[in-house]
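Chains as they are written, first to last, in this note's numbering: chain A, 1 to 409; chain B, 1 to 409.
Keep in mind that a hint or two might mislead.
Copies of the same chain look alike in the list, so a pair counts if it fits in one copy or across any two.
[To be verified] Think about it this way: if two alpha-carbon atoms lie no more than 20 Å apart in a straight line, the pair counts; the simulated DMTMM-like pairs of lysine to aspartate or glutamate are:
#, residue 1, residue 2
1, Lys310, Asp102
2, Lys116, Asp100
3, Lys200, Glu260
4, Lys116, Asp102
5, Lys328, Asp349
6, Lys310, Glu260
7, Lys200, Asp280
8, Lys69, Glu221
9, Lys169, Asp121
10, Lys310, Asp100
11, Lys69, Asp401
12, Lys69, Asp102
13, Lys310, Glu105
14, Lys328, Glu288
15, Lys310, Asp262
16, Lys310, Asp121
These aren't lab readings, by the way, just hints derived from the structure by calculation.
There are 2 protein chains.
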Amino acid sequence: MNTPNSHTSLHRRSVLTGSASALAMIGLASWSRGSLAQTAVAPKPLPAFVSWKDASSVIVHSGTTIETKRSAFGTSVITPAEQLYIRNNLPAPDAAIVADRDAWEINIEGVQNPRKLTVRDLKSLGLETVAMVLQCSGNGRGFFPSKPSGTPWTVGAAGCVVWSGVPVKAVVDLLGGMASGARYMTGTGGEKLPAGIDPKSIMVERSVPVAAMADALLAWEMNGAPISLAHGGPLRLIVPGYTGVNNIKYVKQLAFSTQESDAKIMSHGYRMTPAGGKSDPSQPSVQEMTVKSWINSPSAEDGPTSGQIKAGMVQIQGVAFGGLNAVKGVEVSVDGGKTWQAARLVGPDLGKYAWRQFVLQARLSPGNYTMASRATDMAGNMQPQTRGENLSGYNNTSWADHAVKINVA
Amino acid sequence: MNTPNSHTSLHRRSVLTGSASALAMIGLASWSRGSLAQTAVAPKPLPAFVSWKDASSVIVHSGTTIETKRSAFGTSVITPAEQLYIRNNLPAPDAAIVADRDAWEINIEGVQNPRKLTVRDLKSLGLETVAMVLQCSGNGRGFFPSKPSGTPWTVGAAGCVVWSGVPVKAVVDLLGGMASGARYMTGTGGEKLPAGIDPKSIMVERSVPVAAMADALLAWEMNGAPISLAHGGPLRLIVPGYTGVNNIKYVKQLAFSTQESDAKIMSHGYRMTPAGGKSDPSQPSVQEMTVKSWINSPSAEDGPTSGQIKAGMVQIQGVAFGGLNAVKGVEVSVDGGKTWQAARLVGPDLGKYAWRQFVLQARLSPGNYTMASRATDMAGNMQPQTRGENLSGYNNTSWADHAVKINVA
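If we strip away everything but chain A, and leave its shape as in the complex, we get:
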C-alpha cells in the first residue's frame, strides 16, 4: 500500500461528503485512489477486469485508472481497445451483465411515451457509426503545477475509437419525441451502488444540453467488437465531443428533463471550480471538449536514453482534435513556440469528432529542442499556450504544457 500524499483525494472526499470510509469498508476504496500513483515506483499489474489490456502500452495508476503511454499511441488513427485508457468512477458491475448483452434494459424517460427497451429492441431501431475522441475530463492534469487531486494523467487518458449503435434521436422519435420544455439529456449508469449510502452522493449520472442529442448514440459496439465491460458494455451512451464522464457506461436510464441531475457527480463533480475554491452547481460543468493536440513521437519515452534521438531526419508526429469541431490545421514548433511550421495531416479523416494524425518532417542537428504542437479548429479557435487554472485540473489544452523536451545527439 502507498501512503497518500497530503493533497490526495481531498476533492473526491468532499464530493462524497464523508462517505469515503464507508466505501473503503465495502471494497470501493479504489474510487478515490487515483492520485496515489504519484507516489508509486514499481509498475502495478493490470486489474482483473482489464487483464486483456496490453500491459506494455499502459500505465496502471489504480484499479480503476489506467493510462495509455504517450509512446504507445502509434500513427494509425485508431486506438485499439487493448491500449485504451480506463477511468471508472465506480468499480465495473459484475461481468454477468455482458453474458446476455441483448437482454440489457434501458429506461427512456422524459419522452411522450416513456418505456423500457432492451438492447435487442435498440438493435432493430437504427444503426449509426461514429469515430470520436474519448477523453477524460482530467487528461493533462499531471501538468498542473498545483497538483490537483485526481489521477495525474499526462496525455494518455484519451483515445480515438469507433462506436456503433442506434442514434438517440431515432429512439426519441419512436417514443413520440421529447417531453415539452426538455433542456437536458441525462444518462444514468448501471453500476451497483453500495447500501447505506445516499445513492445521489455516488451514482454516475450526468446531464448534457439536449442539443448534444443530435449526434448521440446508444452504442453496443466499439472498434468492431461488442463493448467490453471495462468500457461500458453492454450499452454505453455516446455523446461525441463531450468528455469521457458524459459518456455513461452501462447506461440504464436516459431521461429528458427541464433540470440537470442533482446527483453529486453532476452538481459538484466535474465543475470548473477556481483554484483554491469550492465546487458548486453555479460553476461551468465539464462537458464539451475544445481544440487540442500533442506530439507523440519523438517522446521522452523513446530510445535508449529518455528523450534522446539521433541527429538527421525526424518525423515529428502526434494527434489533434477539435472537440465539437473538425481540425483545420496543426503547427509544430521545435523551439518551444518561438517559431511554428505547418504540419501535414496524415491518413483517413474519420469525421469531425475523431482526431487527425499530423506529421512534420524535420532535419535536426545535435542540440536540445522543445517540441510543441498547436491545433486550430474549423471555427477558427486556436489551442492556447496556457492552461485554464482550476481546482481539479480539468480541460488542460495548453500547448506549452504538452511540449516535449528532446535531446538530439
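Knowing the structure of chain A, use the given hints to seat chain B on it.
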C-alpha cells in the same frame, strides 16, 4: 488428425512439385492443410502464434488459416486485430524478429542506388496511413460448387484495417528512382525456408505492376499497434486494393524489375486457371480486387436457431468495397435478387481502399427470405450475380453466392 478429402491439396502439391513430404518431415505440413477443415467437426484451438486472437470470433481451419465469423464483423468499420483472419503461406518466422523491430532490414533493389534499410531508417523517411480491405484471394472459395483445393473460406478471410508506414514512393525517390524499364514491384517475404528444397518452389515472392507503387507502404503498424508477427511484423509491404498474398509479410526485399518473379507462388500460384486446367504463367495473376459486398447481419450464425429471426423491424447490414475504386452505392434484396432497394452507407468513410458499412432497414413479416447485397463502385462497375469459375476458387464476388437464407418467425 483428419483424413484428407480426395481433392485436398492437389493444387498445392503440384505447386510444390513433390516437396510436400519433405515439408511434412520438417514440420511444415500445415502449409497444405487448409482445406482439411471441411471435414472437421469440433472447433480447433487457436495456434500458439495467434493465441491472443478472440477464439469466439474466429473459425480455425488449420495452424495457418483462420477465418473471421460472419457474425463477428460487427458494424463499426474497423476489424480489430484479434478478429482478423490469418492465412500464412508458410509458417511465421520465429518471434525473435519482433523483439527488436527497428533492427529489421529490407533490401531495396532495382533502384538507382540500391541499399539495405532498417525499419529505424524507414521511420525517418516519411509517414502515411491508409485504411484498406485486406482480403485473401480465395475468400468466397467455400461457395464454389466445384470444391476447389484450398481453405473453404466463406466471407471471413477479409477485414478492414489501418496501416501506417513509409510510402514506397518516398523510399524509391530517396534512392534515386527506379531503374529504367522497371515494370514490376516485387516483394520477398522473410520466412525461414527449409533446407533441401529449391527456394523458388516455396518462397513467398510476388510481383505487382509498378503502378501499384503509388499508394503502397512499407508498414510497421496496424490498427494503432506495431504489426504482430502473425500479420507480418516487423515490416509488411502494403499494396492497397490488391489481394492479401500481394501484401508481403516480413518483407526482406523490395525489387523493381522488367520481369515478374519466377518464384512458383508467382509463376503458377494464384493464377486464374480455368476449372479443370493446369496453372501456367500466361494466365492472369490474382492481384487487383474488384467490387464486392456481403450481408453480415442477419446471418445464419445469428439467434437461437440458425438463420431465424423475429418478425418486425430488421437492420440488414454488411460491408462493401471496390478494390481499387471507392464504393458508390449498395443495393439490398430480400427476395433473392428479384427486387432491390438502395441501402444507406453508414459511418465514417476511411478512403477508397476501405470498406463501407451499409444498412437497409426493413419491416419483415414471417416467411423465408433470401437476402443479398450488390455494390457498385465509382467507376460504374456492378458486383456480378455469378462467380467467375476457376480452378482454385479465387476472386469470388458473386452476390448470389454471398446471399443468406433467413427465416422470419
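Let me make sure I understand: some of the numbered hints might not hold for this structure. Which ones are they, in numerical order? Numbers 6 and 15, in rising order.
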